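K.L.:
Sequence:
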Amino acid sequence: MQPPPLLDNPNTHQEGGQLKRTLGPVMLWGLGVGYVISGMYFGWNLGLPAGGTLGLAIATGFIIVMYLTFTFSYTELACAIPKAGGAFDYATRALGPRWGFLGGMAQNVEFIFAPPAIAIAIATYLSAWVPLPIEALAVSAFVVFTLLNISGVRNAAMFELFVTVIAVVELLIFAGATLPSFEMANLTHNSLPNGYAGIFAAIPFAIWFFLAIEGVANVAEETINPQRNVLIGFGSAILTLVVLCVLVFVSSVGVAGWEAIVYEPGSDVPSDRPLPLALAKIFDTQHWLYHLLITIGLFGLVASFHGIILAAGRATFEFGRKGYAPNVLGEVNTRFQTPANALLFNMVIGIIAVYTGKTADIITIAVFGALTLYIVSMIALLRLRKTEPNLERPFKAPLYPLFPIIALVIASVSLVVMCIYYWQLALVYAGLLGVAYVYYFVFVERKTEVKV
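For the sequence shown, my numbering assigns the number 20 to the initial residue and increments by one for each residue that follows.
If you're looking for bench data, these hints aren't it; they were derived computationally from the structure.
The structure displayed is predicted, hence computed values, not measured ones.
Some clues are possibly wrong.
Across the chosen pairs, the derived CB separations fall in these ranges [what the hints assert, rightly or not]: (1) G195 to V84: 23 to 33 Å; (2) V84 to P413: 22 to 32 Å; (3) P345 to P408: 31 to 41 Å.
Every residue gets a Cβ at the ideal spot worked out from N, C-alpha and C, and that includes glycine.
Could you put the whole structure together from the sequences, leaning on the hints where they help?
P.N.:
Below, the structure is given as structure tokens:
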């Protein structure tokens, strides 16, 4: 039998302990697209050596179905329970604190490990102009954007909207510049280099296209009229991202084949710069359009980096606020009304991950967390429909129970496949959850006085 849910951290009931509602639907769209858009700029191409064009395309098709069904199912939870903890709060309410702990830890792993991968990509771009080590540039990015997030959610969201709009425009310009050079033969050349097994190996990189879209739910507590605005922001964001995903995939691979956007000339090491590599096949690297698009491309990376830091801070904050992590992480800064301690804690973990230098491995661990989150969330949705049929649901998942079941099945299959193909990283992920559960069992479940 599971123990009853924990009481909220008493700190949150003091003056200044509540997050401030300032976000509308346009800002939520900016956050939703911004969280994800770096996945269009890098990372996804790392799945091409395993899957080839066809393998990654098939994997991406299934993942698009998963994200469409998941997003509109998750929106039901976000509108009914608009809390900063997202999946942590949904699972705790539906399934009890142990499931809540699992969902919350998975969410923290996803949101804390995604930014280091993006920071490395940002540093790689900047290194062409700034003569500093990659690690130093990545750490600098962490410090700057953590401080921006601490300064206030409205400031952070306004900045996120600004850089997201620029990043979307840049991708449209990129597609316009490369599509005239598109050739179908480039899509079909060596399209399945490792056979059908490559489809499964490409799954984490297909997920990277959309990873962290669910972060919109983590700012529901800071949203004006969340029951309406979360739906509008969430729904429009996922539809925008699906269109951009298809455009980027076809226009970049179609220029010169998948090998051209994975490997730098003369190198056999996968690159974090697929779009610049595609442009270099069309324009001289001194061409003004090449430089313009590369410079603007930084905005896409910054948008996701900044946005996921924001969502990660809320997820860790809720863990601390509910007593599942040290209480200091659940405190709100009285001046800025933001989860400053949680943001600083996540920054330290992210900087440690940066110094591993292993972008693909960091991405894969983040994906393990995301898939666990999706599975737990869909189980929570199905459970809540049975246990709380009268819960106010301003938005309901379309075609229920088909949508959440489809998302649950695809996420479960993807998780099993990843455990097979990336078993060493699966052990690392399991180890992270195991260490965290020891803390929960020793310091929370056994030592905390609880009541419903």
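K.L.:
Each of the hints needs a verdict: does it hold here or not?
P.N.:
Hints and how they fare:
1. G195 to V84: 23 to 33 Å: Hint holds: Cβ distance 28 Å, inside 23 to 33 Å.
2. V84 to P413: 22 to 32 Å: Taking Cβ atoms as reference, V84 and P413 lie about 25 Å apart, which means the hint holds.
3. P345 to P408: 31 to 41 Å: Given about 37 Å between the Cβ atoms, the range holds.
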